[in-house]
Amino acid sequence: MTALHVINISAALAGGMTAFFVVLLYRRWNQEATAEKKRDIFAAITRSYLHRVAGKLDQGPATPWSNDDKLAAVSHIHLLLRGGERNRLMELAELDGLLRATLRRSRSLRSARRIDAIRLLQQFGSEVCIGRLREIFTRDRNQAARLEAAFALASIHALPPPRETIRILGMFERKSNRLDSALLRASAPQYKDQMIMLLDDPLPNSKLALIIDALGWSEDAAVLPTLERANSFNNSEMRSAALRAAAKIGHPGAAQWVMQSLDDPVSFVRVQAANSCASLGLRDAIPQLLRLKDDDDLWVRLRAQYALDALECAWPNDAMTGAVA
Amino acid sequence: MSGTEIQLVAANAVLYLAFGCFMVVAARNAVSAFQLIIAAWVFATRTRPSKSSSELWQRYGDLALPVSVIAPAFNEELSIVEAVSALLALEYPQHEIIVVNDGSKDNTLGALIDGFDMEKCERTQIAVLQKTKILSTWRSRRHPNLFVIDKENGRKADAANAGIGFARTPLICIIDADSIIEPDGLLRAAEPFMHDDGRLVAVGGTIRIVNGCEVKGGSLRKIGVTKALVPRFQVVEYLRAFLSCRVANAHTNTLLLISGAFGMFRRDVLIEIGGYRHDTVGEDLELVVRIHRHMREQNRDYAIKFVPDIVCWTEAPANLAGIKGQRSRWQQGALETLQRHRKMVFNPRYGRIGMIALPQMILEDIIGPPAEVIGYLVVPAAILLGVLDPIMALAFLALTVLFGTGLSLGSLVLEEVQLRRTSSAHDLYRIGEAALIENFGFRQMNLLYRLRGIGSFYRSDTTWEAVPRVGFGKVK
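These protein sequence lines map, in sequence, to chains Y and H. Residue numbering for the first sequence follows the working numbering, beginning at 470 and increasing consecutively. Residue numbering for the second sequence follows the working numbering, beginning at 34 and increasing consecutively.
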């Protein structure tokens, strides 16, 4: 290669880079220049939808708005509305064909675009959306998209029964994470009986512990006998999960066995028991907690002190339950 | 041997030396180009992060693990109250702020006591990792999640270690007290831990330059780019380092550095490895390399991630004098780390870290700077000796400059398309302009500072040159 070649290549590269940079600058400048107009359009779309939601007459625009602009406005407004108004907004958006574009996007080849669409489908929340979300949840080739669909379904209370959720997401064939736990917790209010049945399945203890923990989010004190039974199992992880669940339910019916767990042979369970005593506001546990201040395990001592501080301040709260080391 | 023969041998030696230096520069550029391509692919295929903090909160509010934010502070009397207020205001369900007053000579502790109604308290230290004495511990009557440790001076590593020892949460976020974390930064940093099945040990974020931005009450009010050239050059450098290099390294599991200005770690792992080392000036790099070493020696499955959307703003040195100390220290820290962990280099036991990441660091930090400097010296010599065509030398210089500028512009494109933390087209232009100008002077000065760092390393220099800063309110 001669010097001339190199100079020519350099010149071509420099020209290309300059052109590219100019395009980048122009793109940004253009967006800035039209920002005010965009804001006006956004405000007009918002006004129009709010009028239509309230049943008022709306003239509509002189020039039609793009679907992308309308979708952006609807995504914004839906966060501000509640109940019937929000449902009407989403119905109107569906009538305007915005859902069609989102459904199309949910079939994109790129998983990132499908995930974007899932988040929008979650906002719409209609039967068509639930159907499409279920389809993604069960058939999408991408695990992240399936998980995202599961979350969308959970947020609109449309998750399938836990056994199906566990199977589809392969939850028990891999190591569990906090999102798995969150999905099971989200299923608990709707499917607590099925979750109790799952406890009789031949599952590893760590998975059973996940289910026991989720029962705490069932918002139903009827699960307390199940939790009490779980608290008598040999596995410490399951006993700990039962204590966490009892604390979440917050029913005094669990007081006796929660306090008994302060004497559990496993330190991690004692830590959880101390937390649960604080969450349940069990002032009767104070003598036992005082004794735990001399426990061999540092974390038990710390949590016992924490629980005592909380009980002496009559300051039980749920936030404490999450702070277990 | 006749004089002509000697001249010929010398000329050939100079030519080969020039060629060798060119090859080193080309290799570094090739690595950077490869990283840029990987980063572009990662950005193009990733799921877009949640746009707003409310969306993040809605998704992860119930799931986020409790975090202790450790902020070592030394002589921060004037800004500490604002900085801590901003940390308390971070959007996170359960976070505790642990400020470590590292033997400040000014009234940093007094400012904290007055500003947050602090009272002395007794608190058990779970692990003693610091080398210096803890003088007292304080808690705020107004903010139950604010805790202050007052200790003897022992530099940042020691202060962070003291904070780690007192932390009780599963996650620890270590920051600089004078850095500004975006309000949703903690939530974004904790997000990967929610998807984690126990492998993830640390998450790093992007560091951006606050010079030119408007800061009020410890929070960023308006993003801007300074007119001053030196901080602007650093904006370009940081874009290249964080949006191209770190993204690519994290994607290939070869990330060696989580910046000391912002990093989230699992507490148990930090305690297991004994926290930061006190005897190095590059403690943040050394920590991550040691985590890799520890996990691989124990055959444990682990991951270290980088999330470009976590943005932490920090003040950059405003002049060359400030950069001199900073870059020398970085260079010295890198060499100290390489020396300490030399056993890992080209050792298959350490997988990609031993076979790719550390050799790349050798190219970048040991061979690269001297080779580039020698290149600048021998090319004119080769021209004078008549063995190199001046036009050819000029042509290759032009190509190298273009390559460097191209890499910077590539990173700028990623920033513009993906993160967009530049406020206007004018700011974008200013950064682009700096990407070109930095090739003529700044890069060469930087090389000299790095050579100075190599000198400090060989002298085992342990003195700490404070980087002069002008403060958020005044940065231009």
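Worth flagging that the hints you see were computed from the coordinates, not collected in a lab. Please note that the accuracy of each hint is not assured.
[As the list claims (entries may be wrong)] Lysine-lysine pairs mimicking DSS-like chemistry, simulated, CA-CA at most 30 Å apart:
#1 H:164 with H:376
#2 H:166 with Y:762
#3 H:138 with H:357
#4 H:138 with H:164
#5 Y:525 with Y:506
#6 H:153 with H:164
#7 H:357 with H:164
#8 H:138 with H:153
#9 Y:506 with H:255
#10 H:153 with Y:762
#11 Y:507 with H:255
#12 H:166 with H:255
#13 Y:525 with Y:507
#14 H:164 with Y:762
#15 H:166 with H:153
[As the list claims (entries may be wrong)] Derived Cβ-Cβ restraints for the label pairs, each shown as a range:
#16 Y:526 with H:231: 52 to 62 Å
#17 Y:488 with H:81: 26 to 36 Å
#18 Y:759 with H:379: 57 to 67 Å
[Said to hold, decoys possible] Chain Y regions said to be covered by chain H (calculated; three or more residues, Cβ under 8 Å):
#19 479-492
#20 497-504
#21 570-582
#22 724-733
Beta carbons: idealized from backbone N, C-alpha and C, even for Gly.
Hint check:
Distance hint between residue 164 (chain H) and residue 376 (chain H) is fulfilled; the C-alpha atoms sit about 27 Å from each other, no more than 30 Å. Our distance criterion of 30 Å between C-alpha atoms is met by residue 166 (chain H) and residue 762 (chain Y), whose separation comes to about 26 Å. A C-alpha spacing of about 25 Å is found between residue 138 (chain H) and residue 357 (chain H), which places the hinted pair at or below 30 Å, so the restraint holds. At roughly 19 Å between alpha-carbon atoms, residue 138 (chain H) and residue 164 (chain H) fall within 30 Å of each other, so this suggested pair holds.
Distance restraint check for residue 525 (chain Y) and residue 506 (chain Y): the Cα-Cα separation of roughly 25 Å lies within the 30 Å cut-off, and the hinted pair is therefore satisfied. Under the criterion of a C-alpha separation no larger than 30 Å, the hint pairing residue 153 (chain H) with residue 164 (chain H) is consistent with the structure, at around 22 Å. Distance hint between residue 357 (chain H) and residue 164 (chain H) is fulfilled; the C-alpha atoms sit about 29 Å from each other, no more than 30 Å. Proposed proximity of residue 138 (chain H) and residue 153 (chain H) is supported: the alpha carbons are some 20 Å apart, at most 30 Å.
As the CA atoms of residue 506 (chain Y) and residue 255 (chain H) are separated by approximately 22 Å, the hinted pair is consistent with the 30 Å bound. For the proposed pair residue 153 (chain H) and residue 762 (chain Y), the alpha carbon gap of about 21 Å is at most 30 Å, so the pair holds. Proximity of residue 507 (chain Y) to residue 255 (chain H) is assessed by CA-CA distance (about 21 Å); at most 30 Å being required, the pair is judged to hold. Distance hint between residue 166 (chain H) and residue 255 (chain H) is unfulfilled; the C-alpha atoms sit about 41 Å from each other, more than 30 Å.
Between residue 525 (chain Y) and residue 507 (chain Y), the direct Cα distance comes to roughly 24 Å. Compliance with the 30 Å bound is thereby established for this hinted pair. A C-alpha spacing of about 28 Å is found between residue 164 (chain H) and residue 762 (chain Y), which places the hinted pair at or below 30 Å, so the restraint holds. A C-alpha spacing of about 16 Å is found between residue 166 (chain H) and residue 153 (chain H), which places the hinted pair at or below 30 Å, so the restraint holds. For residue 526 (chain Y) paired with residue 231 (chain H), a C-beta distance near 58 Å keeps the hint of 52 to 62 Å intact.
Separation of residue 488 (chain Y) from residue 81 (chain H) is about 28 Å and conforms to the stated range, judged on CB atoms against 26 to 36 Å. In this structure, residue 759 (chain Y) and residue 379 (chain H) meet the distance hint of 57 to 67 Å, their C-beta atoms being roughly 58 Å apart. With 6 residues having a Cβ less than 8 Å from any Cβ of chain H, the stretch 479-492 of chain Y passes the three-residue criterion, so the hint holds. Using a Cβ-Cβ cut-off of 8 Å, 3 residues of the stretch 497-504 of chain Y lie near chain H, which meets the minimum of three, so the contact claim holds.
For the stretch 570-582 of chain Y, the proposed coverage by chain H is satisfied: 3 residues have a C-beta within less than 8 Å of a C-beta in that chain, meeting the threshold of three. Counting residues of the stretch 724-733 of chain Y whose C-beta sits closer than 8 Å to any C-beta of chain H gives 0, which falls short of three, so the coverage hint is violated.
Going down the numbered hints, you'll see the structure goes against 12, 22, while the others check out.
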